[in-house]
Each structure stands twice: as structure tokens, then as C-alpha cells.
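Given these sequences and hints, build the entire structure.
Top line first, the protein sequences correspond to chains W and S. Going from the first sequence to the numbering used here is simple: count from 1 and add 17. Going from the second sequence to the numbering used here is simple: count from 1 and add 2.
Calculated from the structure, these hints are not laboratory results. Where a beta carbon is used, it is the ideal one built from N, C-alpha and C, also for glycine. It is possible that part of the hints are untrue.
Covered, in the sense of this in silico footprint (three residues per stretch, anywhere, with C-beta under 8 Å from a C-beta of chain S), are these stretches of chain W [said to hold, decoys possible]: (1) 102-112; (2) 194-203; (3) 212-226.
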Amino acid sequence: MFRQKPRYVALPQAARATVGEEVDRLSCPKCEIALEPARLEAAHRVCYRCGYHFRLRAGERIEMLLDPNTFEEEGQDVVATDVLGFNDSQPYVTRIEKSRAETGLNEAAVWGEGVVGGHRVVTVVLDFAFMGGSMGAATGEKITTAIERAIHRRLPLIIVSASGGARMQEGVLSLMQMAKTSAALGRLAAVRVPFFSLLTDPTMGGVTASFASVADVILAEPGAMIGFAGSRVIQQATYETLPEGFQTAEFLLKHGMIDMVVPRAELPATFRQLLDLYDHQPVEPAQPVEAPVPATRPAIVP
Amino acid sequence: MSANGSGPASAWTQVELARHVDRPYSLDYIQAIFRNFIELHGDRLFGDDHALIGGPASLDGQTVMVIAQQKGRTTAERALRNFGMANPEGYRKALRLVRQAERFQFPIIAFVDTPAAFPGAGAEERGIAWAIAENLVAFSQLAVPIVTLVVGEGGSGGALGIGVGDRLLMMEHSIYSVAPPETCASILWRDISHKVEAAEALKLTARDLHGLGLVDEVVPEPVGGAQNDYGLAADAAGAAVRRHLSALTAIPIARLLQERYERYRRIGLSPAQPSVKTVRRARQP
Ligand SMILES: [Zn+2]
Numbered sequence: 018m019f020r021q022k023p024r025y026v027a028l029p030q031a032a033r034a035t036v037g038e039e040v041d042r043l044s045c046p047k048c049e050i051a052l053e054p055a056r057l058e059a060a061h062r063v064c065y066r067c068g069y070h071f072r073l074r075a076g077e078r079i080e081m082l083l084d085p086n087t088f089e090e091e092g093q094d095v096v097a098t099d100v101l102g103f104n105d106s107q108p109y110v111t112r113i114e115k116s117r118a119e120t121g122l123n124e125a126a127v128w129g130e131g132v133v134g135g136h137r138v139v140t141v142v143l144d145f146a147f148m149g150g151s152m153g154a155a156t157g158e159k160i161t162t163a164i165e166r167a168i169h170r171r172l173p174l175i176i177v178s179a180s181g182g183a184r185m186q187e188g189v190l191s192l193m194q195m196a197k198t199s200a201a202l203g204r205l206a207a208v209r210v211p212f213f214s215l216l217t218d219p220t221m222g223g224v225t226a227s228f229a230s231v232a233d234v235i236l237a238e239p240g241a242m243i244g245f246a247g248s249r250v251i252q253q254a255t256y257e258t259l260p261e262g263f264q265t266a267e268f269l270l271k272h273g274m275i276d277m278v279v280p281r282a283e284l285p286a287t288f289r290q291l292l293d294l295y296d297h298q299p300v301e302p303a304q305p306v307e308a309p310v311p312a313t314r315p316a317i318v319p
Numbered sequence: 003m004s005a006n007g008s009g010p011a012s013a014w015t016q017v018e019l020a021r022h023v024d025r026p027y028s029l030d031y032i033q034a035i036f037r038n039f040i041e042l043h044g045d046r047l048f049g050d051d052h053a054l055i056g057g058p059a060s061l062d063g064q065t066v067m068v069i070a071q072q073k074g075r076t077t078a079e080r081a082l083r084n085f086g087m088a089n090p091e092g093y094r095k096a097l098r099l100v101r102q103a104e105r106f107q108f109p110i111i112a113f114v115d116t117p118a119a120f121p122g123a124g125a126e127e128r129g130i131a132w133a134i135a136e137n138l139v140a141f142s143q144l145a146v147p148i149v150t151l152v153v154g155e156g157g158s159g160g161a162l163g164i165g166v167g168d169r170l171l172m173m174e175h176s177i178y179s180v181a182p183p184e185t186c187a188s189i190l191w192r193d194i195s196h197k198v199e200a201a202e203a204l205k206l207t208a209r210d211l212h213g214l215g216l217v218d219e220v221v222p223e224p225v226g227g228a229q230n231d232y233g234l235a236a237d238a239a240g241a242a243v244r245r246h247l248s249a250l251t252a253i254p255i256a257r258l259l260q261e262r263y264e265r266y267r268r269i270g271l272s273p274a275q276p277s278v279k280t281v282r283r284a285r286q287p
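Written out as C-alpha cells, the structure reads:
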């Protein structure tokens, strides 16, 4: 039998100017100093003066988190379908196509196997640049497939979230991805495979209220906005004055909702430490995975 | 409501009916369908939530665990019930009760009627998202049959927080949505006045969701809506709940859990649907 060649995928890093990230202004939104692009890149896009964490694209996240050249992307061809025929100011299909062109991704979630700190893991990264990282059916499908891979291969799971929540254009189909991903994580927990969730700016709504918050260990980047309802919605509903630092990673740490706030530069070492403690399996070489096709797996044509 | 149940006016009509002030609320159904309902209180962590209630009750001699989102009718009741919007305590109380139900092998009947989980600073501080997420995992694994009935508003994650189960039934004029049409309009149309179109686009009516295969049964309401005859509405709801529960009770638990998993697992991708063109990225050899 032929062994499939590992696919080391170069995720696109370009087109940054079109996705509206603050770095294009080359000044820090927090301390307002002018930033040198090269120095900022070298610091994994953390302001080298005040520590402000810029958002990362999925490819950048994978590059900073995983051991070099170990990521093999899966499920690239899982794409959203416009089941509802949704059309607001523009058709949903147009919005998806625009997001594809701008981000070079097919969906808001990127997943695959890779190695972190010498441990083979399954990892999922959400990219906020793709429709606000929102969870549509294809997004939920990729996340669930990744969880099922972790179950079948007994590999630790790392999910990096960055999302506004559910994808409205897919209605209840989107909402139900919360249940789908959570049910899969229940099975992962049952087979005693560790799951580490990294919350990055921003993680909100249905993503926080499902897979992102049921991990064995929850980490967050400094200053990340994390919560369920948006602060504007809360103010409109309750007229409450929101406390200083409301819904930041530090706020959640204080209230006991997450385990730790970890600066980006320390993340690889922190994950390595966690994996050393929780994962006792030796690194296996990458193998083509065959059997674990669940009976219910939708017929997605690759 | 138009005969074919389509068109913007009809979706919005359903929204208005689902929110009708005279519509029967969960306790109206509970009192009509069950005997000996006794409400249990508190999450054993922080407080008691009057927007999300529950306790054991008898259904034809069998004990079941009832959990329900409850709205208020008078001004005082509405304040007490927080307009049916639960805090984390509500979801955690529900979790306590369904775990108890599993231990005693009581089937679970969940009544959904909420605009949303409560968007408040305290709810965020006490981890509303964490409470809902924990319920999603727990409900997907509870080794007892679960029947969910949406009686009014199925509001997003707030509804799903007690809404994972083996059967999803909806009253004819109830709705279930990923977001309120008003929110959807203000985000996607940038204008709340587009709520009527948003309601249509979201496919939030019982009939639409049945058509999408997400709902097992649409329970008929009296002409004009359940507010016109509580008794008829509750009879229809009770009959549907009994029928589905007895079908579920006959299924061995391992198979029931597998079917519950698959029920959610298959929601989403349908290869028959036209998809947009795929961007193929270069793969290094
Ligand atoms: Zn700075």
C-alpha cells in the first residue's frame, strides 16, 4: 500500500491589507507608538513596547505554536453551503466568496495534525479574518471532524478560538454546531484524551458557549475579549455600567473562568509543559489515517 | 397567516404569535400535562433562578424530570422571571436536576421559551457561556430519554442550553432562531426596521425548521394560536410528548445515546446543496 505523502501546507499570509487588521497602520492601538514591521513580526505581532497582542491569522498562529514544518492540514475542501438561501444586503454566497478571496481560506476553521513541543496533537485554529471567525455548519463540521480524529488517534487536542460566535446566515443550522461540537468533546473526555483551549481576541457568543469553554485547561492571551453577550448588547438590555476591563482575559481569570493568561511568546513553552504532564504517548510518525470514518460522516467530496 | 406559511409577513406573524402576551407559558403546559409537579430550587452554588425552573412530576404514573424556561405575565411576574432570560444559576440548576434524573432514571422533558440567555454583567462574571457549554456536553450524554418542546421562543444559545435531546418538538406558532430577528437586522442590514425580512431569512418558524429536518414534529395549535385555548394546546402538546417519550423508552440506552450523537453530528453539510467555488491552495509536494 502506498503511504500518502505528508502534506505540509503553506497557509497564506498575504492579503493582510484587506482584512482590516490594525497592524496596517503600523502603530500600536494601545500605546500608539509607531511600530517597525520587521520587529513586530519577530515578536509574533505583540507590541514590543506595551505588550498589546495583535490578532493573528490562522497560518501565523500555526507557525508560532507548532514545531516547525509539522502541520498537515486536513479538510481544506469542507466549504459552507447556503442552505437557507440567505440574502441580506448581499447574498451569503457572495459574502463567502469575498471572504475566501480576502483570506485565502475556504472556511473560518483550519485543522490538522502537527507536533507541539515534541508531542503529536490535533489542532484547530479559527481565523477571525474569515467572516469574523463565525461558526457555520462547515466550521462546525471541521471542528467536529478534528475532535473525532483526536478521539480515534488518542491525540491531545488544541483549539485556538477567535470568533464572534454563530454565523447568522446559517440560522439554526449554525446554532446546532454548538451542540455538535460539544457532543464530540463529551466523547473525547470519555476516552481521557486531554483538550486544551486557547482563547484569543475575540472569543464570543456561541463559540464561548460551546467547545471553547469545556476544555481540561483553558488558556487566554493577555487582553483578549472573551464572553457571551457583547458589551453593547448588555448595556442596551440592562443599562448597567460595565466594570473596568470587563470581559478581558484578566477579568475571566479573576472570576475563575479560565486557568491562565499566557503572553504569546510563552505559549509554546506552556503548551509543551502541559503536554509533558498530560500526554504520555511517544510521538508517532505521521500516518495516513484510514478507518475512523464515523458512520454518520456526511458525504463530503474532497 | 397565509395558507402556505411562506412570505415575510408570515414569518413575522409567527414571531409575534410566539411572543404573544396571552400565550400559554411553560407552567401552563406543565400543570395541564403532569400531575404532582414539585418545583425544586437552587443551583447549590450561588442562587435560584426563576427564569429557569424544574422538578419532578408524574406523567401517567411515571416520574419524569421537568425543566422549563418560564416567562411572567404581570409586571411583577415578568421582573421575577427576568422575562424568561436565565442566568448561569438557571442552567446550573437544570444541570443538577437532569443529573439527578439520570441517577433515578427519570426521563427528561424540557420546555423551551426564552428570548435569550440573560445578557448581563453578573451573568458574564459568573460564566453564562461556561454554564451553557457544560449543559451541551452533559445533555448529549445523559443516559435517559430527553424530549424537548419549544412552546414559545427558542432564543439561540439560551434555548439550546436546555435544548439538547432525543426529540425536538415545536408548537405550531413557536420559533427557534440563532438570533432575534431584531439583532440580525441590526447586524446584517444595519437597520432594525428590517426585522421582518430578517425573520423570513432566518427560517425560524416551526414549519421551516421541520422542512430543514431539524424538528421532529410540529404540534398543532388551536385556530389563531395557543392563546385562544390553553386546554386544546396543552392536550396536543401532552399527546405529542407522550408519543415521543414512549417511542424513546423502547430504545436501548446505548443505541439512544448513539442516535442522539448522530442526530447532531449530521446537522450541517448536505452534499446536494450547491456550494460556492472552492479556493484550492497550493500544496507543497
Ligand atoms: Zn503598544
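Hint-by-hint comparison with the structure:
With a cut-off of 8 Å between beta carbons, the stretch 102-112 of chain W has 5 residues touching chain S; three or more are needed, and the interface restraint holds. Residues of the stretch 194-203 of chain W lying with their CB closer than 8 Å to a CB of chain S number 9, which satisfies the three-residue condition for coverage. Look at the stretch 212-226 of chain W against chain S: 4 of its residues bring a Cβ nearer than 8 Å to a Cβ of that chain, three or more, so the hint holds.
Violated hints for the displayed structure: none, as all numbered hints are satisfied.
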